[in-house]
Structures are given as structure tokens and as C-alpha cells.
Amino acid sequence: MSSLCDLSAKEYFQAACLNVSSTEDFIIKAYELLQLKPHEITTGCSSFGKLIKKRANAVLREIHHLSAYLRLRPFPEMLLIGKCKPEHKTGLMIAKSLARRFNNFVILVITPNDHYLATERKDISIPVIKESSEESLIQIVREFVGRIIEERLPEDFLLDDGDFLWEQYYETQFLEQRLNTKLFHRFIPKYVMKKAHMDIERKFYEQVIERPEEKRTLDSFFKKNALLK
Amino acid sequence: MLEKLRILGEAAKYDLCASTASPRAHTPNSIGKAVSTGVCHSFLPDGRCISLLKVLITNQCIHDCAYCVNSTSNVKRKKRSSTSFDPEELAKLTIGFYLRNYIEGLFISSGVGRSAECQADIMYETLELLRLKYRFDGYIHAKVLPGISIDHLRRIAELADRVSINVELPNKSRFAETCSTKDYQNDIMRVTKWLPQLQSQGIVPAGYTTQYVIGAAGETDKEILESIFNFYEKDWNFKRQYYSTCLPLEDKPRSFPRSFFRREHRLYQIDWLRRIYKFSAKELMTIVNDKGFIPLREDPKITLARRNEDFFPLDINNSTYSELMRVPGIGHLSANRIIKLQNQGVKISETKQLKSIGVVLKRALPFLTIGKNTQLTLDNFSKAMDK
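As they're listed, the protein sequences go chains A and B. Last residue of the first sequence: 983 in the numbering used here, with the numbers rising by one and none dropped. Last residue of the second sequence: 370 in the numbering used here, with the numbers rising by one and none dropped.
These are calculated hints, taken from the structure and not from any lab test. A hint or two may mislead.
Residues from chain A that keep clear of chain B, each with C-beta distances beyond 10 Å, as calculated [unchecked claim]:
{"hint": "1", "residue": "786"}
{"hint": "2", "residue": "871"}
{"hint": "3", "residue": "901"}
Short, incomplete list of chain B residues facing chain A, as computed with Cβ under 10 Å [unchecked claim]:
{"hint": "4", "residue": "9"}
{"hint": "5", "residue": "14"}
{"hint": "6", "residue": "16"}
{"hint": "7", "residue": "18"}
{"hint": "8", "residue": "27"}
{"hint": "9", "residue": "28"}
{"hint": "10", "residue": "30"}
{"hint": "11", "residue": "33"}
{"hint": "12", "residue": "78"}
{"hint": "13", "residue": "79"}
{"hint": "14", "residue": "81"}
{"hint": "15", "residue": "327"}
{"hint": "16", "residue": "336"}
Idealized CB from N, CA, C, for every residue including glycine.
Let the hints inform the model, and build the full structure from the sequences given.
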């Protein structure tokens, strides 16, 4: 959560503007507060300052979560495509965040209402593409990127069965003795699973939860609390 | 590939690591970047993160460590099948997963197949493929094997961001209780001593770490803490240390007492108090009881705060960073924010401001003065009565 912390009042204001609930009136009022009493935003000590901070945190949290949890699909034309359902206007920020990591690639983030392209490559300028169908959008972007970038990603890295391999690997890492669903949901809240299409995690979580637990007896209770005594 | 991934992933799940931003210079036109994201890429229902692809090169091992799932005795008893990754396979798998945004990098470890040197060669070959042939620039953590030579260690450390070697147990006698085929001095400490030397030459950019297995022998917390504090001294300069409760290999998973993990949790808390909160080793050692164990019921920071009652309550608006860090419920981030507000001339006068800053009120309030008020507790009530 470190990226949520210690931001300046201006950064909180900018993030709050991307919140889906922020109206024009809200933005004007928030700008006034930023000019006159910026500390009210950073500390959240007034009710309006608190509201700005709350909205900004919701936006920052979404960018933070989705940049990590969004799964990408690689294409040979140095293109990585991911799909998500952000609640706020964060699609471009997520694409930019991923472009910083994959700085040699072009990133396409597709949301239900729009799509966002980002890259850190100097040899490509992002065009405006208006296309409603997902398939044809991907096709247009692939053709466009393929024309400009000569470099191709080796076939071996595309891992056709990558998602299946990951699913199998993911399950091997689980330690049943440490089962801690509360902690799991603190890191991946249920709404984030839906936003980022984390089907592998959701499926395995449900599978683990549905496993029958041992019968609770007095013996098992004392055994569980053995060390505390 | 699938079977290998299952077996070698399963065999590596007890190793601990965390990805971090590496100060290593970024190579232009490479795949990926070891930048900090601040959140791991996936989590398991046990609450542990998966930020790196954690696998062994092989699960064959010549050692007989009692706690290890890959040791000669456990493999025979459980009839586990042995397998190995080919460097090329592992390199492609890592990049494949990385591009799908499943991982931030690779954690590579290995059983000691024929010999430690031979395994180190294979590990180096894998890293060489990743870094030089495929220009992979993500994070790599290499777990080096006990008993390797300095040349092998250097070659691996030059390509990895972080290296680690498991000391497993706090001293020679405890180590001997769990393993008869490895020597604590020659195999572990000799290799460990080269790490500060390599770092001073600018190798191992993200530092080096180690791991303890808790409860594998009859070791006390006092013995572990002595070893931990020693490794954080300037001569060693370990970046961090990990603790892992020894899980019985035969036990039914869900019948394992959860309270056993509390010991591990308390060790982590004390580790943080030393490393981040800068409490002195001497002061932290006072927490250990006569039998050499950390009391499990109370948070160590609260124990220390209650023992130093003359130091508290602190005036929140006039305290320094190091003073604030001693208050239970105030961590590094909230202490920094309070100092930032002090510098801006903003006075904290209400508890709701503290809550907004991120302070855990129920822990912090008995030790703080806000305005002229301090929360009344049984402890400071009796103190006030005495006065």
C-alpha cells in the first residue's frame, strides 16, 4: 500500500478527479481547497478534505491492484493485451503503469467501454483508434504495431498453454497448514478478483474453502492452543 | 513440462523470498524491468504472496536434512519422483509467465544433485540464458547451495539481483542435530562470509538474505535472536532474514496447531523492531524469558513500551521521528507523516486526525499526549495516583 501514502495534496486532488463519483462541482471545490488549505487534504481533518482523500485513495488503490493483477496476453508484434473492468477512469493509468515495466512493448488495456494504448518506446506514437468490436480492435492494433516495430517476440515466449501451466503451478504453492482466508482477501478483495478477471485464484479459493474441515472436538481445541499455554 | 513444473514448484514452496525493486541498471531493449510495483502479482488462500516463479532446478539431493521435503530420507519414504529442469526450459517458462504479468521475476534454487558445484554450473547457465541471450531484465533471486566455491558464487551473484543462503539453524550444534551430511562452518558460514565481500565490489545489487527453519531442532528463541542480531551488524549487513515454521511432513495439514505459527510471527516482529524501528539488540534481548523464549501472548513493542513508562506519554506535536517509532501503533509511515505535519506547522489536536494518518489508536493512545490529554489506562492511572 506504499503508493497510497505520503502523497502531496496536488497528487490526491489529481487522483480524486479520476473517481467516477467526482462531478465538475466537486472538482472546482476541491481545487479551491487545494489552493487555500492543502493540509486538510493530506490529513483528511475536515469532512471535505477527507472526502477528497477517500476518493483519491479509491482511484490509487484500483491502479495499484490492477497493474499487478491484470493478466496479459503476449503477441509476436511486441504487443501485450489485457482486459479489466475498472470502476474509475483508470484505464490509461493502468496501461502507463504496465508500460513502465514492459518498456519495450506496446500495452493495450481493454475495458468494457473503452481501450487504452501506452508504450515507452520512442519509435512509436500512439494513434487514436475507434473500433467497437474487440476482435477487430486487436487486429487493427496488431497490424499497426507490426508495421512500425520490426522486432518479433520468439514463439517460445508466447506459451500457448501459459494460463493452464500457471494454474497448475499456483496450486502447488499452497500450504494448507497456513490457510488464512482473511489475509487472502485483504490482499485480493473479492471486487478486485472480478475487476481483474482473476479466475484462477477464484476457482482455487472456492475449491480450498469447499474442502471438508476436520471435526472440532475438545481435543482438537486444546491441540490448537497448545503453545499458548 | 507440466509435470516438472508441478514437482519442482511443490518442492520449492517452503523457501521464502520477496521481490523488491533492484538498483541494478536497466538494460535498454530488454524484456522487463525490476521496478517496484508495491503489490505482489498473486496471493494464495494461505495469505502468502506469489511474486516470483519459485522453482528448483532439481529435487534430487544428497543431503539428509530432517526438515526438508527433498532430503534423501524423505524422498525414499514418500517415494517422490525426481526430475530436473533444463536451463532452456526454465528460461522460456520464466519469460512466458513474466509477459503474462503473473510474476515479477524468478526465484531459483536447487537440491544438491551430484554436487553443489555441478548444480551451481546449471544455475549459472540458466541465469546466463535469461540475462545475456534473452535479455531478461526482471528480478532474479538465486539461492546458492551450501559448499560452493567463491568463483561459482561470484558468477551467479553477477547475474542475479539478490542471492541468499539458508543458515537454517542458529549455530553449529543445533545444525548438527538436523543434518549429518553438511558442516555448518565449512558449507554454510564459509560461503556466507563471502557475501559482504562481493557486495563491497558492487555485486549483488539488491543485497543478500538468509532463512531459518523454526522448531526443527531444540533451538531457543534466544539462540535465534543472537544469530539474527549478529547478521544485521555492519560486518555482515544482511538485507533481511526469513523465518519458516518447520512443518511436519507426515501430519494431516489441517490438524497442525495454528498457534505454532505465533512463534514465527513474534520473531518477525522482533526482526522488524531491530531492522526498521532501530531498537538496540540489547534492549530486544530483554524480552526473552528465563527459558530462552519470547512470550507469545504480548506484542514485543507493547512489552518494551510498558517497561519504559518514564519515557511515555509523548507529546505528539513535539516528538522526534525516533521517539515516535517507539510508540506502539505508530510505524514508519505514520511517524513520517506526523513529522511532515510538524514541519508544515500543523498541530494535531484530535484523535481522528491520528486515525486518518494511519495510527492504530487502541495501541497508541495510552502512550501519547494530544493537546493536554492522555488516555487513562490502569497503568498510567496508578502512576498518577502515586504522584
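Outcome of the hint check:
{"no.": "1", "hint": "786", "result": "holds (19 Å)"}
{"no.": "2", "hint": "871", "result": "holds (17 Å)"}
{"no.": "3", "hint": "901", "result": "holds (19 Å)"}
{"no.": "4", "hint": "9", "result": "holds (8 Å)"}
{"no.": "5", "hint": "14", "result": "holds (7 Å)"}
{"no.": "6", "hint": "16", "result": "holds (5 Å)"}
{"no.": "7", "hint": "18", "result": "holds (6 Å)"}
{"no.": "8", "hint": "27", "result": "holds (5 Å)"}
{"no.": "9", "hint": "28", "result": "holds (5 Å)"}
{"no.": "10", "hint": "30", "result": "holds (3 Å)"}
{"no.": "11", "hint": "33", "result": "holds (6 Å)"}
{"no.": "12", "hint": "78", "result": "holds (5 Å)"}
{"no.": "13", "hint": "79", "result": "holds (3 Å)"}
{"no.": "14", "hint": "81", "result": "holds (9 Å)"}
{"no.": "15", "hint": "327", "result": "holds (6 Å)"}
{"no.": "16", "hint": "336", "result": "holds (5 Å)"}
Of the numbered hints given earlier, the model fails none.
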